[in-house]
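Novice: First residue of the sequence shown? That's 138 in our numbering, and the numbers climb one at a time after it.
You may find that some hints are simply not true.
25 Å max Cα-Cα, derived DSS-like pairs, lysine-lysine [to be verified]: (1) K345 x K282; (2) K664 x K629; (3) K334 x K282; (4) K282 x K325; (5) K282 x K314; (6) K519 x K508; (7) K325 x K345; (8) K325 x K314; (9) K314 x K345; (10) K664 x K630.
Derived DEER-like restraints, expressed as beta-carbon distance ranges [claimed, not checked]: (11) S387 x D474: 36 to 42 Å; (12) S387 x T411: 20 to 26 Å; (13) Q607 x L574: 36 to 42 Å; (14) K334 x E266: 27 to 33 Å; (15) A875 x L574: 22 to 28 Å; (16) H317 x D491: 34 to 40 Å.
Because the hints were derived from the structure by calculation, they are not lab data.
Each residue gets a CB set at the ideal place from its N, CA and C atoms; glycine is no exception.
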Amino acid sequence: MAPTTRFFAFGVAVLSVALASLTRWGLIMPMLGDRSPYAAFLCAVIVSAWVGGLYPGLLAVGLSLICGWTFLSPQARSGDVATMVITVFFLIIGILISIVCESLHRSRRRAEQAKAEIASGQARIEAAEERQREILDAIPHLIWKSSPEGELSYINRRWTESLNLPLNEARNYGWTKVIHPEDVDSVKERWEEARAKECEFHMSFRIKLGSGVYRWHEVRVRPSRDSSGVLIGWFGSATDIEDSHNLNESLRASEERFRRLADQAPVLIWMSDTSKATTWFNKPWLEFTGRSLEQEIGNGWAGSVHPDDYAYCLETYSNNFEARQPFEMDYRLRRSDGVYRWVMDRGIPIFGQDGVFLGYMGSCIDINERKEAEEQGDALLKMEQAARVQAERTALLKDEFLATVSHEMRTPLTAMLGWVQLLRSGSLPSETVPQALETIERNARAQAKLIDDLLDMSRILSGRLRLDVQTVNIVEVVEAALDAAEPGAAAKKIRMVRVLDPLSGPVTGDPMRLQQIVWNLLSNAVKFTPAGGRITTTLERIKSHLEISVSDSGEGIVAEFLPHVFDRFRQQDSSTMRKHQGLGLGLSIVKQLVELHGGSVRATSPGQGQGATFVVSLPVAAAHKEVREKEKEVAVPVEPPPASEGVPTLLGTRVLVVDDDGDARELLRSILAQRGASVRTASSASEALSQLDSRVPDVLVSDIGMPGQDGYGLIREVRLRSREKGGHVPALALTAFARSDDRRRAISAGFHMHLAKPVEPAELVTVVASLARR
Numbered sequence: 138m139a140p141t142t143r144f145f146a147f148g149v150a151v152l153s154v155a156l157a158s159l160t161r162w163g164l165i166m167p168m169l170g171d172r173s174p175y176a177a178f179l180c181a182v183i184v185s186a187w188v189g190g191l192y193p194g195l196l197a198v199g200l201s202l203i204c205g206w207t208f209l210s211p212q213a214r215s216g217d218v219a220t221m222v223i224t225v226f227f228l229i230i231g232i233l234i235s236i237v238c239e240s241l242h243r244s245r246r247r248a249e250q251a252k253a254e255i256a257s258g259q260a261r262i263e264a265a266e267e268r269q270r271e272i273l274d275a276i277p278h279l280i281w282k283s284s285p286e287g288e289l290s291y292i293n294r295r296w297t298e299s300l301n302l303p304l305n306e307a308r309n310y311g312w313t314k315v316i317h318p319e320d321v322d323s324v325k326e327r328w329e330e331a332r333a334k335e336c337e338f339h340m341s342f343r344i345k346l347g348s349g350v351y352r353w354h355e356v357r358v359r360p361s362r363d364s365s366g367v368l369i370g371w372f373g374s375a376t377d378i379e380d381s382h383n384l385n386e387s388l389r390a391s392e393e394r395f396r397r398l399a400d401q402a403p404v405l406i407w408m409s410d411t412s413k414a415t416t417w418f419n420k421p422w423l424e425f426t427g428r429s430l431e432q433e434i435g436n437g438w439a440g441s442v443h444p445d446d447y448a449y450c451l452e453t454y455s456n457n458f459e460a461r462q463p464f465e466m467d468y469r470l471r472r473s474d475g476v477y478r479w480v481m482d483r484g485i486p487i488f489g490q491d492g493v494f495l496g497y498m499g500s501c502i503d504i505n506e507r508k509e510a511e512e513q514g515d516a517l518l519k520m521e522q523a524a525r526v527q528a529e530r531t532a533l534l535k536d537e538f539l540a541t542v543s544h545e546m547r548t549p550l551t552a553m554l555g556w557v558q559l560l561r562s563g564s565l566p567s568e569t570v571p572q573a574l575e576t577i578e579r580n581a582r583a584q585a586k587l588i589d590d591l592l593d594m595s596r597i598l599s600g601r602l603r604l605d606v607q608t609v610n611i612v613e614v615v616e617a618a619l620d621a622a623e624p625g626a627a628a629k630k631i632r633m634v635r636v637l638d639p640l641s642g643p644v645t646g647d648p649m650r651l652q653q654i655v656w657n658l659l660s661n662a663v664k665f666t667p668a669g670g671r672i673t674t675t676l677e678r679i680k681s682h683l684e685i686s687v688s689d690s691g692e693g694i695v696a697e698f699l700p701h702v703f704d705r706f707r708q709q710d711s712s713t714m715r716k717h718q719g720l721g722l723g724l725s726i727v728k729q730l731v732e733l734h735g736g737s738v739r740a741t742s743p744g745q746g747q748g749a750t751f752v753v754s755l756p757v758a759a760a761h762k763e764v765r766e767k768e769k770e771v772a773v774p775v776e777p778p779p780a781s782e783g784v785p786t787l788l789g790t791r792v793l794v795v796d797d798d799g800d801a802r803e804l805l806r807s808i809l810a811q812r813g814a815s816v817r818t819a820s821s822a823s824e825a826l827s828q829l830d831s832r833v834p835d836v837l838v839s840d841i842g843m844p845g846q847d848g849y850g851l852i853r854e855v856r857l858r859s860r861e862k863g864g865h866v867p868a869l870a871l872t873a874f875a876r877s878d879d880r881r882r883a884i885s886a887g888f889h890m891h892l893a894k895p896v897e898p899a900e901l902v903t904v905v906a907s908l909a910r911r
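Using the sequences and the accompanying hints, generate a full structural model.
Specialist: See below:
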C-alpha cells in the first residue's frame with residue numbers, strides 16, 4: 138500500500154472512531170446508557186477495516202475500546218460481567234472484521250495487479266504481433282498461417298500484392314486456383330499426406346502471380362505445436378526460385394549434354410572434387426571395369442588398379458592434386474573380365490571463373506597393345522614371321538586346291554568328251570558302246586559329287602546350311618549308308634562288317650545329313666582300303682553317347698597328319714603323284730555336320746599302313762529331345778532304284794515341260810516320252826501359260842531359273858487360275874537350286890514337289906507318275 142493511501146486509511150480510522158464517540162456520547166448514552174456500549178464503534182471498525190484493511194481496522198478496534206470504555210459508567214467499569222463479555226466479544230468481532238477486510242484488500246490488490254499484468258502482457262503481445270506483421274510484410278516471400286485443419290487465418294502483404302488473392306478468397310482451398318494446372322493434383326496430394334502425418338511439407342511448383350505469369354516457387358509448410366506437442370496450426374512460406382530454377386535447368390541440361398558426350402567418347406573419363414574423392418565416371422569407364430558408379434566413386438576406383446601399381450598410382454595422384462598441376466601416369470586397370478589392361482591416365486585441375494579450385498578431370502586410354510609392343514618386340518617379330526609363313530602356307534594351299542579342283546574337274550571331263558566324240562563319229566564298235574555310256578555316266582556322277590561337296594562346304598562356311606531336324610532311326614541311317622557304299626566296296630572285294638545295336642535308340646537330326654556323314658566315312662574307307670581289305674562299321678551306345686565307328690585295314694594316317702585330317706583341302710598326299718583323287722573336303726564336311734548335330738568326331742591310326750578308325754559321337758540328349766509337336770520315326774531314303782526295277786509307266790499322261798535350256802528340255806522330253814507320256818515343251822513362262830490356255834496337262838514340270846519370269850512367278854500365276862484353266866494342276870520344280878531353302882520356297886510358291894538337277898530318269902518318272910495320280 139502506498140504511504141499516502143496508508144495515512145489516509147489511518148486517518149479514516151481515527152475519524153470514524155471520533156464520529157462513533159460523538160454518536161455514542163450524544164445519541165446512544167442519553168437513550169441506552171451502558172447498554173450496547175460498542176454498537177457505534179463497531180461501525181467505525183467496519184468502515185476503517187473496509188477502507189484500510191487490517192491495521193486501520195485494529196487501530197479502530199483499539200481506539201473504540203478506549204473510547205467505549207471511557208464512556209461507561211463507573212459501575213460498568215467496576216467489573217460488571219456483562220460489560221466484560223461485551224468488551225471481549227467486540228474485540229474478537231473487531232479483529233475478525235479487520236482480518237476479513239485485509240483478506241479482501243489483498244485479493245483486490247492481487248486482482249488489480251493481475252489485471253495490470255494481463256493488460257501489460259496483452260499490450261506486449263499486440264506489439265509483438267504488430268512487429269511480426271511488419272516483419273512478415275517486409276519479407277520478400279509469400280507467408281501464411283493456417284489452422285490445424287489447414288484453413289488459412291493469415292496472409293502477409295506480399296501474398297496479397299503478388300497473387301491478388303485476398304484471404305477470404307484463399308480459404309476453402311481457394312489457394313489452389315493460383316497453382317499451375319499440371320501441378321495442382323500432386324500439390325494437393327502431397328499436402329493432404331503432410332496434414333495426415335503432421336509433418337513438414339516441402340515442394341517446388343509453379344504459382345500464378347497477379348499478372349497472370351506462372352513462376353516457380355519453393356514452398357515449405359511446417360507444423361506449429363504447443364509446449365505439450367499438440368498441433369495448433371501451420372506456418373508456410375513460398376520463395377520465388379524462377380531464376381535459380383531456370384539456371385539449375387540450364388546447368389542440368391548442360392551437364393546432361395556433357396555426360397552424353399562423355400558417354401559417347403571412346404575414352405574413360407572421371408571427375409573428382411576438392412577432397413580428392415572421385416564423384417563421376419563416364420559409361421565407357423563403368424563398362425570397362427564392370428562396376429557401378431556407386432562402387433567406383435570416392436576411392437572405390439583404386440580397387441581395380443593392379444596391386445603392383447597401386448602405391449605409385451595413388452602417390453602420383455595425391456602429389457599432383459596437392460600441387461594443383463596436370464599429371465600423366467600409366468598403370469594397369471582390371472577389365473570386367475578380370476584381365477588387367479595398361480591405361481594412360483591424364484588429369485587436369487579445374488578452376489572456376491573466380492579462380493577457385495573445383496577439382497580434377499581426367500581421361501584414360503587403353504595402351505595395352507602399345508605396352509605389349511614395347512615389352513614384347515621380339516615376340517611380335519616372331520608372330521609376324523609366323524603370320525608370313527601362315528600366309529604363304531595359305532597361298533600354297535589355295536594354289537594346291539585350285540590345281541586339285543582343276544585336275545579333278547578336267548579328268549572326268551576328258552573321259553566324257555572323248556567318249557562322246559567317239560560316239561558321234563560313228564566309228565565306235567557296237568560292243569564298246571555300253572562301256573562308253575557307263576564311263577560317261579560314272580564321270581558325270583563324279584562331277585556332281587564334286588559340285589555337291591563344294592556347295593556343302595560353301596553353305597557350312599557361310600552359315601546357310603539348314604538341317605531338316607526330325608526324329609530319325611539311327612540304325613536305318615547307318616544301314617542305308619552301308620547299302621549305298623556296298624557296290625563300291627564289292628568292286629574292290631572289300632569285306633563289309635556290320636555290328637549294329639538295334640536298341641541304340643533314335644537320334645534327333647537331319648536324316649539326309651546323317652546318312653551323308655556315314656557315307657562319307659565309308660567312301661573314304663573304301664578309297665584308302667586296298668583290294669581284299671576289311672571295313673567294320675559299329676553302332677553302339679556308350680554311357681551318355683551313341684557312337685558310330687568306321688574302321689578300315691587301309692593305308693592308315695601318319696601321326697604328323699592326324700591333327701589336320703579334318704582340315705579343309707588337306708590331304709596326306711597332295712603331290713602330283715598321289716594315288717587317290719578328291720578335293721580333301723569329305724572329312725571336313727563330316728566334322729562340320731557332326732558338330733551341327735551337337736556331336737564330335739575323332740580319328741585314330743596306329744600309323745602308316747595299319748588302317749584308321751573314325752568315331753562319330755552323338756550325345757544321348759540329342760536322341761531324346763522332342764523337336765516337333767508330333768514325334769515320328771522317319772525312314773531314310775536310299776538310292777533310287779535303277780531304271781529296270783519297277784519304274785512306272787506314264788502311258789496316257791499329259792506332261793508340260795518348261796525349261797529355257799534346250800538340251801535339258803529335250804532330255805526331259807525324251808525320258809518321259811520313253812515311258813509313254815504325251816509331252817509338250819515350252820522355253821519360257823509366257824509360252825507355258827499360252828499352252829495352258831489351249832490344253833491343261835496332267836503334270837507340270839518346270840525349271841526355276843529362267844529369263845524374264847522365273848518358275849516361282851509361273852507357278853503363282855498358274856495357281857491364280859480356275860480349275861478349268863489349270864489352276865490345280867500338279868506341279869514339279871526341277872531345278873539346279875538344290876538347297877533346303879530352295880525346296881521350301883518352291884513348295885511355298887505352289888509346287889507340289891521339288892527335285893534337284895541332275896536327276897535320275899527313274900526318279901523323275903516315279904515322281905511324275907505320283908503327281909499324275911493326285
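Novice: Please flag the earlier hints that this structure goes against, numbers listed from lowest up.
Specialist: none
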